[in-house]
Amino acid sequence: MTSQRVHFYQVGSFAVGNRLLNEEERTIQAQADRTNSIDSGHRACQGCGEALGARYALDAAMRATNGQVVAVNATGCLEVFSTPYPETSWRIPWLHSLFGNAPAVATGVAAALRAKGKKDVRVVAQAGDGGTVDIGFGCLSGMFERNDDVLFICYDNEGYMNTGVQRSGATPPAARTATTEAVGPEPGNVFGQGKDVPRIAMAHDIPYVATATVADLHDLERKVERAMEFHGARYLHVLVPCPLGWGSPSSETIHIARLAQESGLFPVFEAEYGVVTSVSHIRRPVPVEEYLSRQRRFNHLFGANPRPDIVAHLQAMADENIARYGLIAPEMEHSS
Amino acid sequence: MKIPFAITLDVGSSRANHTGSWRVERPVYVDRLPPCNNACPAGENIQAWLYEAESGNYEAAWHKLVEENPLPAIMGRVCFHPCETACNRVQVDEAVGINAVERFLGDLALENGWTLPDAGPDTGKRILVIGAGPAGLSATYHLRRLGHQVRLVDSAPRLGGMMRYGIPAYRLPRAVLDAEIARVIAMGVEVQLGHVVHDVEQERHDGKFDAVFLAVGAQLGKRVDIPAGDSSRVIDAVNFLHQVAEDDPPLLGRRVVIYGGGDTAFDAARTARRLGATDAVIVYRRNRERMGASGEEFEQALGEGVTVRWLSTINKFDGDRIVLEKMQLNSEGFPEPTGEFEELDADSLVLALGQDTDLSLLEHADDVTVRDGAVQVLDSMMASPTGIFAGGDAVPAERTATVAVGHGKRAAHSIDNFVMGSDAQVKERHELASFERLNTWYYADAPRTERPELERVRRQTNFEEVIGGLTPDNALFEARRCMSCGNCFECDNCFGVCPDNSVIKLGEGMRYEFNYDFCKGCGICVTECPCGAIDMIPERN
Amino acid sequence: MLRQIEGSKAIAETVALCRPEVVCAYPISPQTHIIEAVGAMVKEGTLAPCEFINVESEFAAMSVAIGASATGARAYTATASQGLLFMMEAVYNAAGLGLPIVMTLANRAIGAPINIWNDHSDAMAVRDSGWIQLFAESNQEASDLHVQAFRLAEELSVPVMVCVDGFILTHAVEGVDLLDQSFVDAFLPPYEPRQMLDTEAPVSIGAMVGPEAFEEVRYLAHLRQLDALERIPAIASEFFEATGRESGGLVRPYRTDDADTVIVAMGSVLGTLKDAVDARRDLGERVGVLGVTSFRPFPSEAVRDALASARQVVVIEKAFSIGAGGVLSNDIAIAIHHEQTLLRTVVAGLGGRAITRRSLEKVLEEASRDELATLTFLDLDRDAVDRERARMQATRRSGPSAENLLRDRATVAPKVRA
Amino acid sequence: MFQIRIHGRGGQGVVTAAEILSVAAFDEGRHAQAFPSFGSERTGAPVVSFCRFDDREIRTHEPVMEPDAVIIQDVTLIHQVDLFSGLSSDGYVLINTSNGFSDLGFGDFFDHYRPERLMTCPATEIALEHLGRPLPNAALLGGFAALTGELTWDAIDKAVREHFSGPVGERNAIAAKAAFDYVDSKIKETARASTN
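Protein chains in written order, with my numbering: chain A, 1 to 336; chain B, 1 to 541; chain C, 1 to 418; chain D, 1 to 196.
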């Protein structure tokens, strides 16, 4: 039987598992014996995207390395909610040092493993967007430039959520945060060039750079496994919605991430040695409104006195992404 | 202490922290009633047998299917499949081809000689089933499974009722009809053909039956008197189709006019074409929108060269010319005469204006109510507390084979309750699985597999079956288009998307359960469940 | 083997003898010669297995060391001055995590005004970080201390900072008796971590600790430093047994027995002081010197004993707490805690200002005549200060003081003053 | 204790010279110490380095305040930097120049010094001749040995070869020897001159 074709069409092709798929076609999260690198009992908010992203990514890394993973964590939500004395949720060797030094600490771990001849053990460093694009950026660039054998994962929730939702270098334009209030003629965060770390990472010509969201597990896990095939510096940027900071229902975390991708605001792609090698095409294109209007941080763009001008500006940014990465599959363009 | 105090911790220790206490709402797994099941007149558990078919377990699928309906190969051909009209998938791309898969399973069963479940242990009860059409056969099947003895009588020389004498062979090949009927009879049924029951009470008394199921159908074609010359060839569709079915087709000439807008009219027209008529013109007093026939049949008929005269009534028919009067619909949508006339050449006129039931056998059954030529029954299909039940075309309902099969089943169970003296336990139905509850992102677009149609030319000249079957490959594909509305199909989404690892996977076929020790009640599993099989309910404390 | 060698080289070669597995560094004067030499040895392959990592900042340098140490590797780095301050967050972190990293601090002043020359401001800035801080008097001691430092650090799971006066020692070519590998291997067993990142036995290191346990964690750290007060002299005497060299230890008294005035100091100035003291002794003055080798943990008891008989204690400090006074003096005062002892603080050698024997003798002379003020700035150019004060009073826009002073003196600090 | 101060410009090997001297002393079994005027030397900028040696352990780390000898690698420094501060009246002075000491325009500055201890030496020419590069430091060390007699020629020779390994060491040693002989002969000259 042409199982491949049937597989493509069948019910739940995009679901986590599906009984009709053979084991290796299901995601790791479908395995009853998955690692659960981060265990139950952590203190993340209801519907935390970062808790999800971290388990997805590290479980995938664990599978790719046969359980030989050491994790380094920057200060931030993930660190605070996973290891408040006297409890830790981690099931893998894990080290937290400081907010801004995760890449360097990971370099040290990798160096030590090399010196000790532990070739099979791999290092994953993880941080939020603050620890990546802002305070940790110097160390990150250094780690890239030296091409140290570290997979660095940024869980991007677009702000300093741990400290009460302040603006970070990854906060999108017009978004309301505690330090970019939704007041005045230009409410919310400024419109700037933004800090596109994936592309900055690519500029270092490191072996592997990719973006992903918690909305597409198959994609996220494949990218982690792909990253593990390389040695040297690798960067994975994962969009993880924050119900608290974004003002979205805890039940919609994954849905919102999906809209971010399908609106074109968050391009999902991968690159090797500075060259984009693949993009995830948008399956069900949506206008940015559909994404923005579900989040209270963008309330001021709608409601009583709406700001279509700003929404249009954001739509333009999405369109630019769609054009830059070719996010709409050619065969879809006319139909959509 | 081995490791440094406080700054270093042993793995997994957070399991001591039961975050379930954060919860104000809890997710619960539910089963909802899929719209297809809800819409099936035969009460088939469609989703259940599709579920089996999805994994390619066709035999298991077929057995699930015949739990409710012993005639899948027939239904797969003649049913107007309201299930597909109700299918939620319509709103994603197109309905799942349930009817096609049903036929595929039915045919596969015939090929492989799969047998129906054995008759139940004998109860000693005797039931008389009058009429061997879909209702009668369905009732017989279920009664036998319940262990009752059945005598099946019919006035016609062969079994099948309207399925044989109403539905042309190009829609239902006789081989299939015979095979599926034979399978029912093989369960051990006393059959009496060519036997006309004149007095149901007498018949029951003579045969010492504990109950009777009346499924005599509607065999009498309605007549209207149209001024017509003696030479004019006028015949009603029921007889016409009956004679064709008996391989004794009447001579209608080259130009045939059919009067009426129901399926029977189209069956007659298409049959006339096959018998050699150059023109088969349907005359209908209303317009396309108000026509009774199914769209499918209409399209096929036009494809075969049948033409239609909308908004017309036949005023008179003399020999070789028919006079039509143009009509127009009034505000209520009723046709009114316009006084305009036109003529139409015709060698014969077939009247397809509906059918009546011959209920003379009920004359002495005092406590059976007949109104508007139909037997009045309760939901249980009971027509008389003395033990007379009725179904099919003889009772007020949509006159389709599928409805009849449903009647047969329901009647059988009511009869069982009646003769065994137990009272009907009505199993309460789940809430409907609405489209809104689905998360269709998880379903890939998958256009429906159309069953191949014979090219028109061939169709016009013979009675070969018009609609072909599915191949095993596209049958599987079609089955897998089912979205399993409202019923868990074990996609692992809830298990995978829980940020607190608080879903427990119980293993193949055993679904999942929530670990409320850790579930914080975020509701992601509810949003991300593709088929809407999880509800969020308030925590009661 | 005794060699005429630059201080930095001697330190580098001794560090290499300790077989560090990860060395990371970011260049800053006057530490550069040390890491250059270690880097060369790694490149040659004479130091192996060892990963030498050129990082992008001191912050990264200490962070890499943290990662390496937490993975069970022996980690080393070196820095100075601004570099130490830039890595300060990580310095505290390494101590908090109890990682036995050894770092050489080539002591240097802290800007502004930027100044690359020696004083102790940098070491003082991190005295509360939880690191053990040992001060070297000579290059011989500087290199010896590194072997003891690794031993101490790994025994107690506490990081150790070896403080070596920048340029004065690091760039001085002197005779240094370098240890041989077999001795170091015996003296310094392979690193057996108390905790490490191990896939076979995973743990979470660096948890968030709230009020319910933080105080205990800090107190435990303090207890480890108190343990160090036992281990430092023990290790030093074990070292002495084997080498016959008095390197390390808590304090080092010189002619204090009958001393009426004892000068307390740390680092390279002790040598010059001893010469000065000998000279004053020849003139009949009863003076002595107390060198403090272990600044953290602070050996209060040893200091108290050494100063018990002194009538006057003069603390020579290469740093001071602006607005308060001497830093070392504070610890001394608390240690001796009896009022009848006169305690004097002399701030000297800031930003590389040469501390000459002549000036020191002057101090001793004044001390013996009880003419020493409570807080003195050695060789302070009072005129220059007064002129700048006047300028500041005259005009609001008086400009940057540092530049004004230089303009006044029309010379480049720190030229040897004739 | 014998203390030397060396003046020159960044790039002329001023610090190296002090180091080689200390090594030479060390090789002769003395305690020795060499160090630069701590700073960020830049090519061309005036630079000072120090060396002291003694038969006793050297504990002090103060700069050389009262040199017993001053070596000037670059004659153009004469009127820019305070070259002779702390130099005792019986101290040595060795200046790298092809001119005679009296031609340098010190006027009466050195009247109270012992003339046989004031010496010039064309070290740059010698270096150019033997190294092909104007690096006078090694040569001047040869001159220093001859002038002061504080260190033997063999010690200088060994230290120079130790520092610059291979052919470079060889050539530097030859240059140093040439300077040694030059100064030695000059001393003998003046000695002869004073005797008659």
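Derived from the structure by calculation, the hints contain no laboratory data.
From a predicted model like this one, the values you see are computed outputs, not experimental measurements.
Please note that a few of the clues may not be correct.
Computed spacing ranges between beta-carbons, pair by pair [unchecked claim]:
no., chain 1, residue 1, chain 2, residue 2, range
1, D, Met-1, C, Leu-342, 30 to 40 Å
2, D, Glu-129, C, Glu-366, 51 to 61 Å
3, C, Asp-386, D, Arg-42, 49 to 59 Å
4, C, Thr-46, A, Lys-195, 51 to 61 Å
5, C, Gly-210, A, Glu-181, 52 to 62 Å
6, A, His-218, B, Ser-21, 25 to 35 Å
7, C, Asp-370, D, Thr-190, 52 to 62 Å
8, C, Arg-245, D, Arg-42, 57 to 67 Å
9, C, Asp-282, D, Asp-103, 42 to 52 Å
10, A, Ala-32, B, Glu-190, 34 to 44 Å
11, C, Arg-245, D, Met-1, 45 to 55 Å
12, C, Pro-211, A, Glu-181, 26 to 36 Å
13, D, Ile-187, C, Asp-386, 23 to 33 Å
14, C, Asp-386, D, Pro-134, 44 to 54 Å
Once the Cα atoms are required to be at most 30 Å apart in a straight line, the calculated DSBU-like pairs of lysine-lysine come out as [what the hints assert, rightly or not]:
no., chain 1, residue 1, chain 2, residue 2
15, B, Lys-222, B, Lys-316
16, C, Lys-362, A, Lys-119
17, D, Lys-158, C, Lys-43
A virtual CB, placed ideally from N, CA and C, is assigned to each residue, including glycine.
Here is what the structure says about each hint:
For Met-1(D) and Leu-342(C), the Cβ-Cβ distance of about 34 Å falls inside the hinted range of 30 to 40 Å, so the restraint holds. The hinted window of 51 to 61 Å between Glu-129(D) and Glu-366(C) holds, with their beta carbons roughly 56 Å apart. With their beta carbons about 33 Å apart, Asp-386(C) and Arg-42(D) fall outside the hinted range of 49 to 59 Å. Separation of Thr-46(C) from Lys-195(A) is about 44 Å and departs from the stated range, judged on CB atoms against 51 to 61 Å.
Against the hinted window of 52 to 62 Å, the Cβ-Cβ separation of Gly-210(C) and Glu-181(A) comes to about 31 Å, which falls outside the hint. In this structure the hint that His-218(A) and Ser-21(B) lie 25 to 35 Å apart at CB holds, the actual value being about 34 Å. Range check, Asp-370(C) to Thr-190(D): Cβ separation about 54 Å, and the 52 to 62 Å hint holds. For the pair Arg-245(C) and Arg-42(D), the supplied restraint of 57 to 67 Å is violated, since their beta-carbon distance comes to about 38 Å.
Checking the proposed 42 to 52 Å range against Asp-282(C) and Asp-103(D) shows it holds: the Cβ atoms sit about 45 Å from each other. Evaluation of the 34 to 44 Å hint for Ala-32(A) and Glu-190(B) yields a failure: the beta carbon distance comes to about 55 Å. The given range of 45 to 55 Å is broken by Arg-245(C) and Met-1(D), whose C-beta atoms sit roughly 23 Å from each other. Between Pro-211(C) and Glu-181(A) the C-beta distance comes to about 32 Å, which sits within the given range of 26 to 36 Å.
Take Ile-187(D) and Asp-386(C): their Cβ atoms lie about 51 Å apart, and the range 23 to 33 Å is violated. The given range of 44 to 54 Å is respected by Asp-386(C) and Pro-134(D), whose C-beta atoms sit roughly 47 Å from each other. A hinted pair counts as satisfied when its Cα atoms are at most 30 Å apart, and Lys-222(B) with Lys-316(B) qualifies at roughly 17 Å. Restraint check for Lys-362(C) and Lys-119(A): not satisfied, since their Cα atoms lie roughly 63 Å apart, outside the 30 Å limit.
Distance hint between Lys-158(D) and Lys-43(C) is fulfilled; the C-alpha atoms sit about 29 Å from each other, no more than 30 Å.
Consistency with the previously given hints fails for numbers 3, 4, 5, 8, 10, 11, 13, 16, ordered from lowest to highest.
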